[in-house]
Amino acid sequence: MSSRRSASRASSSTMSEDEIITDLVLKLQALLPHLNPRQQTSRQAQASKVLKETCSYIRKLEKEVDDLSGRLSQLLGTIDPNNQDFDLDSIRSLLQI
Amino acid sequence: MSATTEQLERNFTHRFLTSLRRINSPDSKTTTTHAAGLVIRRRSLRIKRAAYSSMARAAGSHRAWTRALLSRARSQRRRQQHDVHPNYIPPAQRRKSSVKRAAAAGREMGRAGKLRGLVPGGSRMEMGQLLEETAHYVQCLAVQVRVMQAVADHFSSSSSM
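Here the protein sequences come in this chain order: A and B. Per UniProt numbering, numbering through the first sequence is continuous, rising by one, with the last residue being 97. Per UniProt numbering, numbering through the second sequence is continuous, rising by one, with the last residue being 161.
The reader is advised that the hints may include incorrect statements.
[Stated by the list, open to error] Not everything, but these chain B residues come out facing chain A in the computed CB check (under 10 Å): (1) Arg42; (2) Arg57; (3) Leu70; (4) Arg77; (5) Gln144; (6) Ser156.
In case anyone wonders, no lab produced these hints; they're calculated from the structure. The model shown is predicted, which means the values in this text are computed figures rather than measured ones. The C-beta atom is built at its ideal place from N, Cα and C for all residues, glycine as well.
So that you can see chain A by itself, here it is in the shape it has in the complex:
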């Protein structure tokens, strides 16, 4: 990991930080679903779009965690803690893993 860090530090002396950001952000885009910033004309604009979409996506997922925690809290109140509901296998079958 330290070699990765020093490699980027070396390259930042030859490229502007903006270029590094743009480059890496476009790589990030490949890892995220439903992002289609290709309507933007410049690489810079594409990269900005990806950053913005990533932030929205994280916020959306975190909000879902909040909502699901609330829902689970309500549901836990209704089930008997000693029964089978916590068995791993039926939940695995729901997840198909």
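Once you have looked at the hints, place chain B on chain A.
Just chain B, lined up with the frame of chain A:
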């Protein structure tokens, strides 16, 4: 789904369910004198924290965001044990507080500022690492949501039987 994502999902599911069982056990710290709404809200917070901690542990300590998240959770727990509000930061530490750093990161660090505030430990990372950690964090969050959804569906279908 890739093999590693499957493994992550299994690992997270196991830890999360273990936490839920603990949270729901009759001898946990819920008193019947509290109004039902308050009990539900408090439990909801415990569930949320359990979800994030379980995911951070399942994802592994070789990731900076998992270490940052678990370290934040540890400080919050410590403050709670001393009857201090979990978000309270004592005056001596406030200048170095990560909350302020995250806000400052938003103001100062240009395009990635907001992202630094969202990814645990993001304010301390240089750009390459930040983007890599972000990608991993997002993938894990998606798994976390998917599993929590499945667990909730499972519980709601059993209770309606």
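Checked hints:
1. Arg42: Result: holds, 8 Å to nearest chain A Cβ.
2. Arg57: violated (16 Å)
3. Leu70: This interface hint is violated because 16 Å lies over the 10 Å limit.
4. Arg77: Since chain A brings no Cβ nearer than about 17 Å to Arg77 of chain B, farther than 10 Å, the hint is violated.
5. Gln144: Interface hint status for Gln144 of chain B: holds (6 Å vs cutoff 10 Å).
6. Ser156: Nearest chain A Cβ about 6 Å off; hint holds.
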